[in-house]
Every structure is written in structure tokens, then in C-alpha cells.
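Asker: Start from the sequences, fold in the hints, and give me the full structure.
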Amino acid sequence: METSASHIQPGAVPPVPLPVPGGRSVRTGPLKLPAIVLLLLWSVVPLAMTLWFSFQHYNLLNPGEERWVGFENYRFLVTDPGLGAAIGNTLLIVGSVLVITVCFGTLLAVLFDQDLFGRGVARVLMIAPFFVMPTVSALIWKNMLMHPANGVISFLLTSVGLEPIDWFSQAPLASIIIIVAWQWLPFAALILLTAIQALDPERKEAARMDGAGPFSMFFFIIIPHLARAISVVVMIETLFLLAVFAEIFVTTAGGPGLASTNLAFLIYRYALLEYDVGAASAGGVLAIVLANVVAAFLVRAIAKNIEA
Amino acid sequence: MNKALRRKIIVTAAAWAVALVIFFPILWMFFTGFKTEVDAVAVPPHIFFHPTVENYVAVQERADYLKFFWNSIVVSVGSTLLALAIAVPCAYAMAFFPTKRTKDTLVWMLSTKALPAVGVLVPIYLIFRDLGLLDTRTGLLIVYTLVNLPIVCWMLFSFFKEVPREVLEAGRMDGAQPRDELYHLLLPLSLPGIASTSLLAIILSWNEAFWSLNLTAANAAPLTAFIASFSSPEGLFWAKLSAASTMAIAPILIFGWMSQRQLVRGLTFGAVK
Chain U
1 METSASHIQP GAVPPVPLPV PGGRSVRTGP LKLPAIVLLL LWSVVPLAMT LWFSFQHYNL
61 LNPGEERWVG FENYRFLVTD PGLGAAIGNT LLIVGSVLVI TVCFGTLLAV LFDQDLFGRG
121 VARVLMIAPF FVMPTVSALI WKNMLMHPAN GVISFLLTSV GLEPIDWFSQ APLASIIIIV
181 AWQWLPFAAL ILLTAIQALD PERKEAARMD GAGPFSMFFF IIIPHLARAI SVVVMIETLF
241 LLAVFAEIFV TTAGGPGLAS TNLAFLIYRY ALLEYDVGAA SAGGVLAIVL ANVVAAFLVR
301 AIAKNIEA
Chain V
1 MNKALRRKII VTAAAWAVAL VIFFPILWMF FTGFKTEVDA VAVPPHIFFH PTVENYVAVQ
61 ERADYLKFFW NSIVVSVGST LLALAIAVPC AYAMAFFPTK RTKDTLVWML STKALPAVGV
121 LVPIYLIFRD LGLLDTRTGL LIVYTLVNLP IVCWMLFSFF KEVPREVLEA GRMDGAQPRD
181 ELYHLLLPLS LPGIASTSLL AIILSWNEAF WSLNLTAANA APLTAFIASF SSPEGLFWAK
241 LSAASTMAIA PILIFGWMSQ RQLVRGLTFG AVK
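One line per chain: the protein sequences are U and V, in this order. The first sequence begins at 1 in our numbering and counts up by one. The second sequence begins at 1 in our numbering and counts up by one.
Derived from the structure by calculation, the hints contain no laboratory data.
The calculated label-pair distances, taken between Cβ atoms and stated as ranges, are:
| no. | chain 1 | residue 1 | chain 2 | residue 2 | range |
| --- | --- | --- | --- | --- | --- |
| 1 | V | Trp108 | U | Phe71 | 22 to 32 Å |
| 2 | V | Thr52 | U | Asp166 | 28 to 38 Å |
| 3 | V | Val74 | U | Tyr275 | 22 to 32 Å |
| 4 | U | Leu272 | V | Val57 | 26 to 36 Å |
| 5 | V | Asp64 | U | Arg27 | 48 to 58 Å |
| 6 | V | Phe48 | U | Gly84 | 49 to 59 Å |
Straight-line alpha carbon distances no greater than 30 Å define the calculated BS3-like cross-link-like pairs of lysine-lysine that follow:
| no. | chain 1 | residue 1 | chain 2 | residue 2 |
| --- | --- | --- | --- | --- |
| 7 | U | Lys204 | V | Lys8 |
| 8 | V | Lys161 | U | Lys304 |
| 9 | U | Lys304 | V | Lys100 |
| 10 | V | Lys100 | V | Lys161 |
| 11 | U | Lys304 | V | Lys103 |
Glycine included, C-beta positions come from ideal geometry on N, C-alpha and C.
Answerer: This is the structure we're talking about:
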């Protein structure tokens with residue numbers, strides 16, 4: 001089925017060079033099969049199991065009591081006050097981090113596109129947080145920067161005469177948003193910077209000749225040029241931000257109460273703290289649906305770009 | 001001073017100020033790792049202090065740091081090599097023998113990345129429990145291979161596309177078989193691309209912190225999970241946390257800096273080059 005030259009119509013331009021000498025055509029199926037089969041298994045089997053478990057009464061603490069319960073788990077899920085809070089927090093994290101990273105990322109990209117001394121080194125420092133593992137970022141911020149008594153931020157606040165903030169009790173969600181935004185700002189900046197550098201210098205020059213100032217240059221040349229890159233950043237970040245987990249796990253553990261529980265953490269709590277496989281799976285189905293809505297847009301945006 | 005130079009100096013100052021503010025938490029962590037625990041929690045913060053390496057020694061002696069470091073290396077490098085082995089033939093076939101369905105296959109591969117890990121946490125956890133893969137490096141290595149496979153396929157595909165066809169055709173004229181073509185022409189020619197693909201896959205696995213936290217414990221925990229164990233005794237071990245963290249992020253920070261540009265391409269699936 002995956003032979004190369006066998007289905008070329010006479011007169012058509014062959015999409016591939018002639019087969020190997022000797023007239024043998026190349027069978028590429030076996031080359032592709034391992035990757036495709038593995039990915040298929042990885043994406044279909046767990047998905048089907050999640051779907052199946054979501055209709056089961058299944059608690060790991062009471063093995064042997066599994067039975068079909070229809071939509072019982074979904075009913076439990078929508079009546080759990082945790083769900084509303086978790087969805088709200090998930091959307092707040094995604095929304096706030098997107099706004100922060102895209103706005104500041106664009107400004108950073110424009111700034112680092114300028115001619116400046118030591119640009120390479122400054123840029124390397126700027127993108128560093130993206131390479132820091134999430135558990136490290138979260139613990140460094142929680143302890144050394146945001147600690148109410150000994151943290152650097154408290155020290156800065158008190159030295160200008162302000163009250164120190166007990167970040168993780170007074171503003172747990174905001175604290176998490178700050179940490180996550182710090183990790184993803186370099187990502188946005190790096191991608192937008194790469195996109196800006198692909199902007200044809202002649203277009204900038206032409207705009208300058210026409211008398212465009214820095215502001216009209218920014219809004220009428222750079223922003224429209226970045227539109228596609230920004231949409232890619234938004235969609236990729238959204239996929240990752242919907243799934244923020246480690247940062248919550250090591251700082252607030254979802255609390256106080258439900259104040260910083262997002263959907264990923266709620267499902268983790270059902271599954272590995274309450275051992276309720278059914279409820280966790282129903283939550284998992286919800287998370288999958290949510291992510292796929294975003295992905296549908298992402299796939300469409302990127303598919304345009306393939307030259308296959 | 002002319003206007004252009006003055007402008008350049010202002011822009012330089014602004015960019016460096018922003019870069020240093022963003023980098024500050026990492027810098028602060030680096031310094032704290034060389035402080036004593038008393039210095040580490042001092043208020044006001046000690047900017048000048050007697051550097052010590054006792055934290056680095058303590059982290060190794062008390063927590064067996066190298067074991068977790070080794071786990072990270074095995075899992076991230078192992079999963080990358082395995083993903084390359086699976087993806088190279090696939091990308092080669094798709095790049096040089098495209099069919100009507102090649103584009104659909106690529107798009108489908110990308111779409112599997114949209115499956116949120118937490119959505120399949122329960123089945124993977126149960127499968128791992130039943131197969132005895134919980135808290136094993138093999139288990140985590142398999143998960144990371146599968147998680148990164150789509151990105152690796154994509155990146156290799158896009159790098160293979162850039163290899164001039166004429167070179168391969170010339171090889172074929174000289175009687176090269178597909179296998180020779182792959183090993184002796186394509187792989188050497190696209191070595192830089194393969195290297196940056198590997199770097200990206202290693203970085204992603206090294207920093208992965210959902211599966212590592214949920215599927216490993218004392219035995220197979222990589223550094224992401226090991227560092228998380230510092231979250232409980234709050235405020236007591238900042239210097240040791242910093243020392244452990246510095247060692248945990250240093251290799252990947254260097255890899256990341258080396259491959260910035262290719263990272264953009266990989267992370268956006270080629271949408272931004």
C-alpha cells in the first residue's frame with residue numbers, strides 16, 4: 001500500500017525520484033509502522049479505558065466491587081463543589097498566564113530585536129527560566145522569594161515601608177500564576193523574537209520612509225506580522241497550562257481549601273488520594289474534551305504549514 | 001555622543017535590566033546553594049557571605065543525590081534514543097516517499113499531543129501497577145518515549161525535508177540501497193538536525209514533572225520528583241534545596257542555551273522557524 005512508484009499515473013510528475021536501480025520499488029510501510037502503531041496504542045488504549053472506567057463504580061480501596069453505574073460518576077462530578085472551583089481556577093490560570101506572557105513576551109521580543117550591547121548574553125539570561133524544571137521553579141519561588149518572613153520579596157516590600165504578603169495563604173492562585181507566568185514568559189518571548197527576526201527588513205525600511213513612527217511601526221507592521229506566531233504561542237501554551245500540576249503539587253497542594261485546585265489537581269486527588277477511579281476517569285474525560293477543543297484549532301493552524 | 005549611540009545605550013540598559021530581573025530567581029538560587037543554612041534565611045538577605053560547598057556534600061551524603069541524577073540521565077537519554085530509533089525510519093519514509101496520506105499522518109501525530117496526561121492517569125497507573133512498572137526506570141522511560149515520539153517524528157521530518165534530494169539521487173544512481181542511503185547519506189547529512197531533535201527530547205524528558213511525580217517513588221524517581229521531596233520541611237533546608245536545584249538544572253540550562261533556535265522550531269511543530 002505504501003509503495004512509491006506503483007501508483008504514479010503516466011504523464012504525472014513523479015512525486016519521488018525513480019525507484020532504486022533494478023526496478024524494485026521501495027516499500028516504506030514497514031518503516032512507518034512501528035511509530036504509527038505505538039502512537040495509536042498510546043493514544044487509543046488509555047483513552048478507551050478512561051472512558052470505560054468513567055461509567056464504573058470502581059474504588060481501589062474496595063477491589064472486587066466494580067460495577068456499571070451509568071452516568072453516576074458524572075453526576076457526582078457535577079455536584080462536587082470542587083469541580084466548579086477547579087474549572088474556574090483552571091481558566092484563571094490559563095487566561096492570566098496567557099495575557100501576561102503574550103503581552104510582555106511581545107514587548108520583550110521587540111526589545112531584544114533592537115541593536116544592543118551583549119544581546120546574545122542578555123537573551124540567554126532572559127530565556128533561562130523556561131529550562132528550569134517545574135518543581136525547582138515552584139520551590140525556589142515559594143521559599144526564597146515569596147516566603148512571608150525570610151523571602152526576598154518580603155524584604156523588598158518592608159524596606160519600602162509596605163506590609164509583607166503571605167503569598168500562599170493570602171493569594172494562593174495568584175502566586176501560582178506568577179510562578180507559571182515566569183516559566184512561560186521566556187517561551188513566548190523566544191518564539192515571538194524568532195518571528196520578528198523573520199520580518200523582511202525592507203518592509204520596516206519602507207514603513208520608515210513613509211514616515212511611520214515607532215508606535216505605528218509597532219501596531220501596523222510588527223503586530224500584524226506576529227499574528228500567526230502569537231496564535232501558535234497561545235494554543236501551545238494553552239495545552240500546557242490546562243495541565244499545570246507540579247507547581248501546585250509542591251506549593252499549595254491545591255489549598256487552602258480549594259483555592260488553588262485546578263482540573264488536573266482535582267483529578268489527581270480523586271485518583272491517587274481518594275482512590276476513586278470512577279470519578280477520576282469522569283474528570284479525565286472532561287479534561288480530554290477541553291484540551292481537544294483547543295487542539296482542534298491548533299492542528300488547523302499548523303496543518304496549513306506542512307509541505308508534505 | 002551621537003543619537004544612534006545614545007539610543008543603543010538606553011536600549012541596552014533596558015534589555016539588561018529586564019533580563020536580570022527575569023534571571024534573578026536562578027541567580028539567587030545559585031548563590032544560596034553556597035551559603036550556610038543560617039545565611040540562607042537571613043533577613044536582610046546576605047549579599048556578601050563566606051561561600052561553602054557543604055550543601056553539595058550534604059545533599060549527596062544524606063540524600064544520595066547521584067542516584068536521582070543517574071535516574072534522570074537514564075530515563076531522558078534512554079527515551080530519546082528509543083524515540084529516535086522508532087522515529088528515524090518513519091520520518092525518512094514520510095519525507096522521501098510521501099503518499100497522499102502523509103500529511104494526515106503528521107497531523108494525526110500532532111493531535112495525539114493534545115491528549116492531556118491527567119486524562120489517562122488512571123489507566124496508565126493501573127496498567128503500570130499490574131505490569132510491575134510502577135517506580136521503575138523502564139516504565140518512565142517507556143512513557144517518555146511515547147510522549148516525545150510525535151515531536152521527534154515531526155522535527156526529523158522537517159530536517160530530512162531540507163536535505164537536498166539531488167544528493168540522495170546521486171547515491172541511488174551509484175547503486176545505493178535504501179538502507180545505505182539512510183545510514184550513509186541521510187543520517188550524516190542531517191546530523192545537526194538529529195542533534196537538536198535529541199536535545200529537545202532530552203530537555204522535555206528531564207523537566208517532565210507529571211508522570212515522574214505520579215509513577216515513581218524512592219527507587220526510580222528522577223530529579224523532578226527528588227526536588228519535590230524538599231517541599232515538606234519548609235524553610236529549613238533552603239541552602240540544600242538550592243544546591244540540589246542548581247545541579248539539577250545546570251545541564252539542561254546549558255543544553256537549552258545551545259539549541260535555542262531549533263527549540264523554537266520543535267516546540268511550535270515547525271510553525272515558527
